[in-house]
Structure formats: structure tokens, C-alpha cells
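J.: Sequence:
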Amino acid sequence: MRKSVLLLAAVLFLNSLCVSAFTFKKKDARQKEAEYIHNVLKQEEKEKYERKKLDYKPSGFMTVEEYEALSVYRDKMEDKVEIPKVQKGSDMKYVPQPTYRIVRYNDPPGSPELNITKRFYQLKQYNGQGIASPDFSIMVYPVVYYYPNSASTASDLFVIKLEDDGTNLSKMLRANVKKRLPDPIVSTEKSIDNFYAFRTLTPIDFSTDGTKLLLKEKIGSSKDGIWKTNAIVYDFDTKTSYNLVELRDAIIYYWKENEDLNLDEARWDIYPLGFLKDEPDRVAAYAYAYTGKKPIFLGIWSIDCHGEQTRLLSFDLNTVELSVNGFKIVQDGVVKPVVLEQEEKALKHSEEMQAKADKKKQEADFKQMELEYKQKIKQMDAEFKEQMKDYNKQQNIGGTTTFNEAPAEFKEVKIKELQKEIKRGEKDLEKQLKYIQKLDKKLEKL
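Numbering (this note's numbering), first residue to last: 852 to 1297.
Calculated directly from the structure, the hints in this document are not laboratory data.
Ideal Cβ positions, reconstructed from N, Cα and C, are used throughout, including at glycine.
Certain hints may be false.
Unchecked claim - No more than 30 Å apart at the CA atoms, straight line, and that leaves these computed lysine-lysine pairs for BS3-like: (1) K1265 x K883; (2) K1196 x K1022; (3) K903 x K1211.
To be verified - Distance windows between CB atoms, simulated: (4) Q1193 x L1032: 37 to 43 Å; (5) Y998 x P947: 34 to 40 Å; (6) Q1193 x Q1219: 37 to 43 Å; (7) N966 x K1074: 17 to 23 Å; (8) S962 x T1089: 26 to 32 Å; (9) D926 x K883: 51 to 57 Å; (10) E1194 x T1089: 46 to 52 Å; (11) Q1283 x D926: 58 to 64 Å; (12) E1110 x Y998: 50 to 56 Å; (13) L1297 x Q1219: 34 to 40 Å; (14) R1025 x Q894: 50 to 56 Å.
Kindly produce the complete structure, drawing on both the sequences and the hints.
T.: What follows is the structure in C-alpha cells.
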């Protein structure tokens, strides 16, 4: 019994010597440096993995370099800003939601006017209602400016290109002043040296083909009313506007020659109506004189879009047919509460399903990140292990011990090892091909 115990003790002592010989083998400086670099690279991969998880949902955590990159000055005029879409919450309460429909704009002809309220003098700007062309390709709208220093106003007319997709109603509802063309197509005088003067532009109607736009320019004073109204036609093909001053001159001439009425000494004005139905290149207008308590009707007049061939059409208000071509949006009613309640239920269900889907996606993405991280670490460890093996072989051969150089003997050993691996891989590939061919034959027999 004593001999067996002594023998066992001797065996354990020899084993401990062998283990200590391998365990406590000293590493040289190059091995320690390589191991240190390897651990640093692994730590960097770990930090990248953790940063990926942290940045899965954007947060305020960032490095100084990232913050400086985001803080670089950008010209706001070159930035393309999309109009945000406000999402309704599932806990919304009933608020009357308006519904809209499209109607003719210039109906009845000559009726369009600007709806300027007292709030205009606080905001210093008024954006008029948009009018769509007959083909719903563009929309025009007037802008009126207020200058407090002289209590005067001026006006511009802008164009918004409508989007190609969607219904005509959705196109008009999506139109926004941010999408307008930068330069106005028609402008009034903007000098502010004439106190209390106002100058406004009001679109009247498009021509039948949508290539021309009739608008009126009102000029006057907030102290004593309108001085005169000008009829202006804008041509979208030539991108030019023409003030039809010949219309006013013809009316003055007619009443002076035929009735000896000097309109230059009276207060009178015109009311542009729109484009004639039978002659789409001509516009019509009413004329009235204010020489007493009741306005005097001076007839219905027409003129060519270029200020040519002014005609007196009639003294009967109902004898002229006009085309009505532009479109506008009006409120049609409100959405019923029951519709919003159904939307609320559907939205709640959708939010719950979306939350579950987002959670599953996040879990799957985190698992994929973890898998990629572990595979990367495993690959790095394998490469480092192979590197250490090669280093030990170089030491045993007795050549240089740098990691970037290899003696001739080591190269030969390494080449032989790689050739063996290639042959082993070729044999495995042949086995796989034979197995695939065997399966193909089985498929042919079926």
C-alpha cells in the first residue's frame, strides 16, 4: 500500500513538472506585443458592437468628431426640407375635421375678391386663396404686403407647380408655399413714398387652354377708396404680362364722343369678368360710373389679350357668355364622429401590431449584431492562434523571429502545409460533387 502511494505521488510530481514546463514558458517581447495588439483590437470590436446597439435608436451620445461633423455650417437655401406629415395619435379626441371639394373659382364671373381682415395689419402679409389651372398642373395665389411706415400695401402673384400623382383634390391640398417658384410672375409697384396707398392683385380666371391668366390690379387709397382697376393678362407661354390700358382708354373715348360724358372728371371703374366663351383670346369687363347715388352702367366691353380691338358688346348684363375655367377648394362639411372613432380603434390596433413588429425586429437585429460580433472575435482568435503557431515554428527553425519576415526553411514548411490543406479541400469537394451527382440520379428515377 505504501509503495503504491509513493508511486502515485511520483507520477503526480512528474506531471506537475511537465505542466509547469508548458504553462510557465516565458513569452518574449514580440509575443507579448502581438498579444497586446490582439486584445486591443478585440476591445475595439467590442466597443463597435456596443455602439451599434446604442445607436440602433438615435440618441444624444456621440464623440466629439461626430458632433463637429454634424455642426458644420450648411447653407439653408440649398437644403431640401420635406414638409413633415403629422401623425394622428391613437388617443385623439373628436375635433370636427373639415372635408373639402373642388368648385369653379370664377363663379359667378367677376366675383373673386381678396378677403383681407384686420389680422393682416398685425401679420404684415396676406396669402390669398390658390387657384388651379384647368389641367391641374399649376396653382397661382396672390400675396399682399403691408408697410407700416407708410401704411401702404403692395402685391405679388406666385405660381406653385402641382404634383403629378394623386387626385385633383389631393394635388391641391398638398400644394404649399414652400414649393412655389421663387420669382413672382406679376408684381405691383412697391414704392412706399405714397402714404395710405394700396395696390393689390386678384386672379380672375384662366383661359380655356390654361395658357393665360386674367387678373385685376386695384389701385387706391385707404382714405378715399379705389382710384382705378387695371385688367392684366399673363401669358404662360411667353412668360410676359400685359396691362390692358387700351380698354379704359376706349371706354373714355366712347362716352366722350357719343354722350359728351367726360369720365376723366368722374369717378368710374371697370370690373374684369373673364374670358369670352366663343372667343377664348378675348376678355370681358363691366364698366360703371359713380356720378350720383346709383352707379351708372357703362356697358360690357371686350378686348384682345394683347390690348387690340376693343369692342362694346352690350348694355344688357345677361347677353354675354363667359367661360369659367379655374378651380378652388371649399369646405364641404365635417367628418362624422363615428368615422373618427373607427379610425381611432384601427389606429390603436395598428400601433400595437407595429410595436410588436418593431420589438421582434429589434431582437432579431440585436441577435444578428451579436452573431456578427462573435464570428468576428472567433476569426480574430483563429488568425492570432495561427500567427503564434507560425511564430513558434520560426523560432524552432532558428530563423528570424519577426512577424513580417520568413526564412527559406519556414517558407517551404508553410508551402507544404498549405498544399496539404488544398489537397484536403479538393478531396472534400470531390466527395460533395459525388454526393450531389448521386442525388441527381435519384431525382431522375423519381
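J.: If you check each hint against the structure, which ones fail?
T.: Of the numbered hints, just 12 does not hold.
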